[in-house]
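Novice: Protein chains in written order, with our numbering: chain A, 1 to 97; chain B, 1001 to 1189.
FYI, nobody ran anything at the bench for these hints, they're computed from the structure. Certain hints may be false.
[Claimed, not checked] Result set (DSS-like, lysine-lysine): computed pairs, CA atoms no more than 27 angstroms apart in a straight line:
hint, chain 1, residue 1, chain 2, residue 2
1, B, K1021, A, K51
2, A, K68, A, K51
3, A, K62, B, K1024
4, A, K81, A, K68
5, A, K81, B, K1024
[Stated by the list, open to error] To give a feel for the contact side, a few chain A residues facing chain B, derived at Cβ under 8 angstroms:
hint, residue
6, L4
7, E6
8, H9
9, P11
10, R15
11, E24
12, E28
13, V87
14, E91
15, I93
16, L94
17, R97
No experiment lies behind these values; they were computed from the predicted model shown. The beta-carbon is built from N, C-alpha and C at its ideal position, and this holds for glycine as well.
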Amino acid sequence: MAELNETIHQPVRLRIMAALMTLEAGSEVDFATLRTLLQVTDGNLGAHLRKLEEAGYIAVNKTFVERKPRTFVAVTTEGRKVFQEHVSALESILKNR
Amino acid sequence: MNVTPTEAEEALMAIQTMAQKTRKSIASGGTYITLIVTGIVWLVGFLCTQFLPTGIVGYIWGGLSIVGTIVGIVLGSRMGTRLRSPSTIPMIRRVGFFWLLLVFFALAVIAVARPADGKQATTLVILFIMLGQMAMGLLFSFSTIWWTIPITALALIGYFLFSDIFYLWMAILGGGGMIVLGLYIRFRW
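Same shape as in the complex, but just chain A (with noise of 0.2 angstroms):
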């Protein structure tokens, strides 16, 4: 049975993974696009990114674009798994109220 995942569940982290989710496997969106998308602060964000990055959910690829440093941000292979499992442990609980 799939199980529920403290980690994600936290509401901007929820919304973290699934703004990654909507994303093509192996594609990666800058920190800035990011943090517009899910309208927090650039600490609130950056401390969010550190935890799922600690869990291994997500990867931070920090790089420079024309001389500019740029942080991008991809769901890992165990994110992927970690967030349908979370899903789908949601949707059981609804299944059975």
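Given chain A, work out where chain B should sit, using these hints.
Specialist: Chain B in isolation, oriented as in the chain A frame:
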């Protein structure tokens, strides 16, 4: 970990909303740039066609097309850096090849049909551009193709019913409409 059915429902709703917002944001990124740049080119170009002598209009359209293409590519590539995907480069090649073929087909149709006047040729070009945009919309995001329908309808209405002011019609309603729509997508969508 305990989650009530209400909390589960709220979480699923949040996931769905975020997924929709992300898809919309990715799709609208290129759409509003295309609309604003094309809108400005059409507004200026068609106004000049309506009011200036035929001799210099060709040069104006040539200049506008080059500037519009360069601005579109520069802004589009900047927007493209928001998202990096393994399929981006092959997709850009396919899209470029598609537009090249479409230009070839448009020129072939114009050469075969031999339009009687500038208005007929212009309407044919508009129809081909809208066909290309519709194909792009079907390829990338269905939500970005709807605007091609009213623009095509405007071109046909202008051509058949308001022939005397066709260029002015296309400048204000076609070009102006695209600019307004582009700004709406950028700031309100």
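Novice: Which numbered hints turn out to be false for this structure?
Specialist: 4
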